[in-house]
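Student: Just so you know, the sequences run in chain order A and B.
All the letters of the first sequence, read from the start, carry residue numbers 66 to 306 under my numbering.
All the letters of the second sequence, read from the start, carry residue numbers 238 to 850 under my numbering.
Hint data in this document are derived by calculation from the structure and do not stem from the laboratory.
Do not rely on the hints blindly, as some may be mistaken.
[Said to hold, decoys possible] The calculated label-pair distances, taken between Cβ atoms and stated as ranges, are:
(1) B:P713 with A:F207: 52 to 62 angstroms
(2) A:F240 with B:S728: 49 to 59 angstroms
(3) A:G150 with B:Q496: 42 to 52 angstroms
(4) A:F240 with B:N636: 32 to 42 angstroms
All residues carry an ideal CB built from backbone N, CA and C; glycine is no exception.
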Amino acid sequence: MAQPALTGTGAVLPRPEGLQGIVADWSSDQRAFKNVPWGKAMMWIFLLSDTFIFSSFLISYMTVRISTTVPWPNPSEVFGLAIGGVEVPLLLIAIMTFVLISSSGTMVLAVNYGYRKDRVKTFVFLLLTAALGATFVGMQAFEWTKLIVHEGIRPWGNPLGAAQFGASFFMITGFHGTHVSIGVIFLIIVAIKVLRGDLDRMRPGFMTGRKGSYEIVETMGLYWHFVDLVWVFIFAVFYLW
Amino acid sequence: MTSITHDESAYVPPAEVEEPELYHPKSFVGKYIWSQDAKVIAVQYAITAIGVGLVALVLSGIMRLQLGFPHAFSFINPSNYLQFVTMHGMIMVIYLLTALFLGGFGNYLIPLMVGARDMVFPYVNMVSYWVYLFAVLLLMASFFVPGGPTGSGWTLYPPQAILPGTPGANWGIVLMLVSLAFFIIGFTMGGLNYVVTVLQARTRGMTMMRLPLTVWGIFMATILALLAFPALFVSAIMMTLDQTLGTSFFMPALVSQGQHLNYNGGSPILFQHLFWFFGHPEVYIVALPAFGIVSDLIAVHARKNIFGYRMMVWAILAIGGLSFVVWAHHMYVSGMNPYFGFFFATTTLIIAIPTALKVYNWVLTLWRGNIHLTVPMLFAIGFVFTFINGGLTGLFLGNVPVDIPLSGTMFVVAHFHMVMAVSPVLVVFGAIYHWYPKITGRMLNDTLGKFHFWVTFLGTYAIYYPMHYLGFLGVPRRYYAMGTTVFVPESAQSLNEAITIAALIVGAIQVVFLYNLIWSYFKGKPAGPNPWRATTLEWQTPHTPPKHGNFGATLPAVYRWAYDYSVPGAAEDFIPQNQPPGKKAKGLEQALDASDLGAQKLDGAGTPKPIGS
Ligand code: HEM
Ligand SMILES: [Cu+2]
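So that you can see chain B by itself, here it is in the shape it has in the complex (with noise of 0.2 angstroms):
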């Protein structure tokens, strides 16, 4: 048997840099509304990305009501149903998940995982939360506004998105387009931390290649967020100017409503390119923190190490770069050159390489793995599920003449949700269950879990899968009602009205999950500090939930990578990162004791003194 990238090692090099100062308010308001931890932080981002994803989910209910039932309810109208599609999609795919994995997931487990005691600049970190919080007041005033939210749909296409007849072309667009743009602003505040902070503030011992692959996950997100965000951020410019001082950068001439408009010689396309230079790494923005989450939850919950770590690493770097080169596979029916058709299908194909191998190497390592069958567990292996679904049916869109007859059908509906939807909030839920423990010091509940657990993913496949089936038979996306047509017969209502109780019963059932999220932080079993026995820094830490500072006196040093599970002869099934070689622990008291002594013994000449000055 060749041996596994089993990186260990007795030396850790001296500590580089001076520890950072923390502020340490006292006020309860100091703590926990105005903090710079960044572990408050994370929770202030969660909390409200979960907030505004409760907005979304109703918004998804009431499109699923009409769409089940056309003519029960008065109060949906066309217009309102527009609103509803773009807000929903724009809440879940910016608001919610993006903010929610590296705003709350980053926040939290990147210092706690790297060994690090906050994020390198805490303040920015800070004013980075409540930028956003601004951008979702901003977004939610827009239902408040005269013509409510914009019914562009979420990609704001102009020139309709601006022109009257569209729901919210007065003031529901132009709000969208500011509180986009104060997101990313707020993004880029923290996104430069993750960063940083991955690159130059982690521990002694902790290389690139002992990382937790949630680390590289959601670093690499942050990258993409860094790099694509700019080009959303100039078009929600340029189109703001277009709206509000009637400037023609995305406007061509055109005659609507009868009256010929003060508009000439823009470029709609342009304003495609922009978007989906941002909005196709925007998928992987939400995919790559999943990718690295789930990993990790396989690694630990299947007591083995995570096959070809290596290859894990390289393929979520390949699939990075790659999602810059893949863009214009969503413009294929907006008049492009075939050549560049040919390209883009080219590249959207090579990106599933990389992609695949991930899948495989999920498969691997659950293959002969010692399963525990935990919430968070079924969870991940319920997201490889779905993501192995929704990416197969990424291959067919990739294709130039397969995409033609489908896109803008009810496939594109259903494949998007399965593999940049339903996929990514599994991965959300299974990472919740899994640090919950660490956040609050208590366990959720594994009963609710379950139950959350086998409706989420069963109700998931019975709103999807028909809606396939749907596509295949013509039935357009972002429509109100169908009215009648010779190409799709009426057994498609039935089963639409199918669909619609799947999907309020699955949105339904998240009450039991935040009840659970509730009823456990006061009444859980308390977990203690390591209950899935894991071998990463943040459940190493002395105190939990981690006190400010993250690590007590001393910050840990890291001798191996962090997938030691199950090794043979170790006295336990898992071996702490800080553990150093040699050592046979015994428990995790111990494994706390030699990361100390380890400290202490290298560490050598005492306090480090500052450098560069």
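The shape of chain A in the complex, shown without the other chains (with noise of 0.2 angstroms):
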């Protein structure tokens, strides 16, 4: 049996197990999810209109690195960071990725003391994940300002081949990186939410006056976990290609 949905009078409603059960679910009343908040399904349905963003973006990425008639610059040239002399190919960009996936884990925790109730463990992992987070956007700033400053790369030109290197290069990682800033900032208020207690007080929130609940952390896990799935593709073809 898959598990029984939750009703407000308290009755449960058993349902089928695998393909029955979504069969059952949709042809169902009032939800198509069963058991899965508002909040929850909509930050899934976000983040699918998300993905199709990041998608086109990447595919006119691929689309104009085929298009431009100058050679591309060698990604393991451009994105190599010196360390006491020696040239090592993509080291802060390892490092960097390293510690987004990091905060995935990091978040899984904190999602997982969430279901717990467990407020300061789950502030303190929230807080860990936001730090991971900002540590990834500041050397993000740094490779940017490396780019910039060291190899002369510009949204619309650099010297070491075809200008849409620079343009996409910018463009797709500062999309992605606002991405993760913006988590980062919503990761601090739901971390100062928990410790505060407002979610065990389901205190209303200051603008949509939605009282509080531990589902946003796992909403705001999703995100997360999204954030990093898609740097993961980012990485892949800007980096490895």
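Fit the two chains together into the complex; they arrive one by one in their own frames, and the hints show the way.
Tutor: Have a look at this one:
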């Protein structure tokens, strides 16, 4: 048996397993996704829409990379980092990726403790996630500075080859970095709510007036994992291709 | 006789979720300006959309003046003409129709029809409107900046859109792109609400297959919009960068006005793909809500269940899915691999199947129905006419060999005005005549309505039928004036004059409609709760117009599908969705009682308690 649908009246509605369960849910009343709160459903659909945004970005990047007549700069040289005089290709980006993926791990822990309503631990891991996210953005700023100041790469051109290199790199990593930054801000807001006990007391939100609940930790987690996942694709097509 | 999809049940499952707390403001400003009530937001959306729509209408009148009387007006010059074409097209498609159907009718009807108190996230919904308004203001601002609005055509194709020589290549195009980006952000906030409300906030007993087709149409259109707008959003960002920072996403190396520009290596075709990946679904974003609404109008005013409800739903889903794989039929002349043309022609013809199915079902619903030629019904039937017309020319244009000589001519203009301009607009009118009594509590004036219908409907044909012929002759679109050619005869000009006169009459007559809207608001006949004797939930509210929260103390429970009209043996020729079976209701009051009774009986344990915590 799949998890039964919970109802406000305390009655439980049993649901069949597997494919039949999906059919039953979709042909039922009230909710197509049983036991899925509104916020979570909304986040999933938003992420679907956002997937289309990032896909459009990446497909456009691939197209201009093919359409340009000027040779593409060699990514492992451009993105190298010199440590003690030795050029290590992709070093910075490896660290950045590691940091961001780790933040997904801490986010999982935060969601887990959120389920258990462990106020302090949830707070700590949310904050840790935010810190890792901020570190990522910081390193990205460092990388941008390096490319702009030292390599002379601009959105409209660069000395190493095709102008589209800088254009799509700054645009796409910038758009992704914005996602991460927004995520960091909201992680901090959620963390504060958790620590203050807003979620335990179901205190209404400052702007929306909706009662607080630990669901928002999980919703936040969805967003965060999505941003990480997108990074994996950006990483693959920008740095490894 | 096989039985119709007469979906009725006596049992209604208990409520799964606690009712949301609504934010009840006290002040006028809180209630009507910064409102979180979907119904107020709907009216805000509608008024704004109709407001810009009027601007677009005036622009079309000016264009027609120029085309009909090419040398008479000194204030229209070739650049202006292009700017008017562009603004007219973009405003009509995005800022009027998309906003009105989804932001306007979506907001008003979804919560009421699915039996919800409000949208799931009213605050986000409110922000959605204000972002939309901001986008509209940005767009209007482009009339006042140096160089004026962009004149690149509503398709905004680069490279010309941002090159000197195209009107508005400096300010206009950037404002247009930024405004579109904001429109998309605002729409996304609203759209997420519409989708989640339909999926997760229906009332007890309201299954997906009991939703009125209006909700299905708006729901699917919203999904299309959420997946199609991203492509436009991304291309807007990239073109803005091309214009402002000098990147070369869409710009190849080129020489313009004798100067070698600093662009190099971009792909103009990429823009076309992105644009039409959005642009074709956009056609269905305005068509699907129209399909849904028309289905309901026809069923209500023919007192018959809709023919083939399930097929209608599947057709909506099929059209929605297919609309993402036909986009390049707009690019047959752009220089594509011929195999692509073959593929996209095939998918285009396939999408005609579910569409034709819907048309048959409308006609079969009318067949031997008890047709009341009310104003909404007239508009609905008018829609079926214009839509069949535009659909047929669409089949022509979907075929590569036919499209190649016709694309870029007035034939295309005639086609898309029939199928996606006039048709949805007729539905908008019909829907306003139909739901105005619920929104304001008063009926619109019938005589004025019929006058409005006949002039608009016949005028449509007077305007667009001859345009097909002009297209055959080879008269190009987006041309300020024809000059002399060997292939267009002199007499084409007299046809153009006739079209212009018809267009001006149709345009002017819309004042009657506006007057009707305002006059009836104060002086119209009181409507009562359910003037059309319809089954769907929005007509069963305890108050008309419905109060904040829509349904009074208890939410209705739904026992049947939305189309129980003229059921044999029933006391009335309609049975509201919230009336339990077996009860012979004599009127609306009883139906309301019945639902409350049902609600109490089944709610059992009293106030629901929160779940998930
Ligand atoms: C009284 C009603 C209308 C009239 C008289 C009218 C007239 C026109 C005219 C004269 C053009 C320009 C043709 C050219 O030179 O290429 C045009 C273009 C266009 N119209 Fe309309 N129109 C009307 C309503 C609408 C509506 C309701 C829509 C909504 C979808 C619409 C969408 C468009 C579009 C997309 C274009 C193409 C713009 C472009 O070529 O960039 N029109 N219309
Ligand atoms: Cu199309």
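Student: None of the hints should be skipped; say for each whether it holds.
Tutor: Checked hints:
no.	hint	result
1	B:P713 with A:F207: 52 to 62 angstroms	holds (54 angstroms)
2	A:F240 with B:S728: 49 to 59 angstroms	holds (55 angstroms)
3	A:G150 with B:Q496: 42 to 52 angstroms	holds (46 angstroms)
4	A:F240 with B:N636: 32 to 42 angstroms	holds (39 angstroms)
Checked against the numbered hints above, the structure breaks none of them.
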